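Enquirer: All chains should be modelled from the sequences, with the hints used to inform the complete structure.
Chains as they are written, first to last, in this note's numbering: chain B, 78 to 390; chain H, 78 to 390.
Hints are computed from structural coordinates only; laboratory data are not their basis. It cannot be assumed that every hint is accurate.
Identical chains blur together in the list; that is why a pair holds if it fits in one copy or across any two.
Okay, derived cross-link-like pairs now, DSS-like style, lysine-lysine, Cα gap no bigger than 27 Å in a straight line [what the hints assert, rightly or not]: (1) Lys305 <-> Lys122; (2) Lys225 <-> Lys122; (3) Lys79 <-> Lys384; (4) Lys225 <-> Lys384; (5) Lys225 <-> Lys79; (6) Lys122 <-> Lys100; (7) Lys122 <-> Lys384.
Since the model is a prediction, treat every value here as computed from it, not as a measurement.
2 protein chains.
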Amino acid sequence: MKIINQQQIMDSFDADSITSLLKSGFIAYSRQQVQQPPVQHFLFKQAAGDCCIKSAWLEGDEQFVVKVSAGFYRNPAQGLASNQGLLMAFSALTGEPQALLLDEGWLTALRTALAGRIAAELCAPADIPAIGIVGCGMQARLQLQQLKPLTPCRDVWLWGRSEAALQAFRHDAETEGFRVHTTRDAAALAAHCRLIVTTTPSREPILQAADIQPGTHITAIGADAHGKQELATDLVARADLLLVDALSQCADYGEIATAYRQGLLTSKPIVEFGAALAQGGTLRSSPQQITIADLTGLAIQDVQIVKGILARL
Amino acid sequence: MKIINQQQIMDSFDADSITSLLKSGFIAYSRQQVQQPPVQHFLFKQAAGDCCIKSAWLEGDEQFVVKVSAGFYRNPAQGLASNQGLLMAFSALTGEPQALLLDEGWLTALRTALAGRIAAELCAPADIPAIGIVGCGMQARLQLQQLKPLTPCRDVWLWGRSEAALQAFRHDAETEGFRVHTTRDAAALAAHCRLIVTTTPSREPILQAADIQPGTHITAIGADAHGKQELATDLVARADLLLVDALSQCADYGEIATAYRQGLLTSKPIVEFGAALAQGGTLRSSPQQITIADLTGLAIQDVQIVKGILARL
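Expert: The following block contains the structure:
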């Protein structure tokens, strides 16, 4: 079994080829060509940690992938990363272990950021006066980076709860060539931005329906478990179109879950990434539409990013 | 992360200390002190393979375990073992990967054999004229080995479908000090034996109710997925007592599943290993009882055997 460390993984990473693999993975998922058993979850209450185990096989592939991905939120105080975990590839012909990727959560972060890029490709308006990023963590930075090839817009609004985190993020975004506005008022961000990405683990809505301008696209990354929600339920209900990575997951514990359960989305188009990508083109049919993409994360994304890394090793 | 190969694993294996860990694991499981998410299953039809992913954490432990365990039944034709897979231990305090055990299925085989030994301790009659082993594979050999410390009986009946496999097993069992009778007639085996272990992946019953003598204990290992069954439904229904590793799994896809679904077990004592072990003593209350133990395999067994190996490394 090959053992691949984080540096080797980063050296083999190519955003464009992996984006294209992710797209074909989403399409295969929506065509039910992926075996993807329900996610296994652990909660380590006393250690403020959680862990999920995701695995998938794209039928016909010569390998399948198992990912163990943990978050332990007091790790930084001990000098350790919050995100821990690894991915493994096994032969789908013999069951033999083939590769162990010690990515420390990096590939999960990247495949999530690239899914954000795909969501923006499918839904963002043509004219973007400013990008809004909600949250100041690693995923916030990666989302902003991955949006650069998609738009010439270099104005960005950053929202966060801590002034220190906002200033650190400002510094990084300026280094990337952005003109940065920081705010602790999410409504101010929404007033200026037409492409917004939310990246927090918040359990209460940060953006309200009244804040959002017509013609805005929002990609909601944070809600990936019961109880998490970044967008007000009436904002989700007000969207003209909802894009979801997997309807089964999003309706259960994603950003749209509350509105879905309350029956507010019954007359709303809800489109899976795979269906939208198979159809081609953009989903947005008018510049005034409000669109929301809900990402909960699929094991098929892990399969595809591992495939992309192993192909270039 | 420590990487531990099969030889190191075998060198660190101690049956008695691991049996005792398995017992405390079963007890914790039945007391609901174990986080053990539902098993993930894959089916690789064209390659004649399957894979399951089992994981568990005994609450309070400093580590949790994830196991990937595959069976690819055409591997031997390519000179590869049918059983493939590995186990991993992660910190339950920080999420960091701690150990990778490249056991090639050996630990799963052993923890299953030791559960068979525990079942015999709990249910076997005092007087065993002969042991019966149904099936000729590795698990059959391990079960026989692990029963040696429990009984002075050295007469064994072996049942198999292939004469060549039976003769190979005869040779190994004689080397272990047994007097061996081979048969392709399961009823003949049942007529002579009071402690029987069934170890095949059969999908049709091998032992019938009419074959079994009063006072017999049967441990059924093979049925671990929908559709597998080694004992006739009326034999399960005729037992005086059923011992199960996990009621939820056994009633769903274990040896007792068909009888359970047909409502034939409603007035039957069904006892979990953990409950029986917590109570202490033997479950058998009379020498004439027919008892059946149904083993589907629990992730907590993997947790405990990994603990036992790592403690002696």
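Enquirer: If a hint holds in the structure, say so; if it doesn't, say that too.
Expert: Status of the hints after comparison with the structure:
1. When the C-alpha separation of Lys305 and Lys122 is checked against a cutoff of 27 Å, the pair qualifies only within one copy, where the shortest distance is 17 Å, while the shortest distance between copies is 38 Å.
2. With identical chains, the CA atoms of Lys225 and Lys122 are never at most 27 Å apart, being 38 Å at best within one copy and 43 Å at best between copies.
3. When the C-alpha separation of Lys79 and Lys384 is checked against a cutoff of 27 Å, the pair qualifies both within a copy, at 14 Å, and between copies, at 25 Å.
4. When the C-alpha separation of Lys225 and Lys384 is checked against a cutoff of 27 Å, the pair qualifies only within one copy, where the shortest distance is 24 Å, while the shortest distance between copies is 48 Å.
5. Taking the shortest alpha-carbon separations for Lys225 and Lys79, neither the intra-copy value of 34 Å nor the inter-copy value of 40 Å comes in at or below 27 Å.
6. Within a single copy, Lys122 and Lys100 get their C-alpha atoms only as close as 36 Å, which misses the 27 Å cut-off; across copies the closest is 26 Å, which meets it.
7. For the homomeric pair Lys122 and Lys384, the shortest alpha-carbon distance between copies (22 Å) is at most 27 Å, but the shortest distance inside one copy (34 Å) is not.
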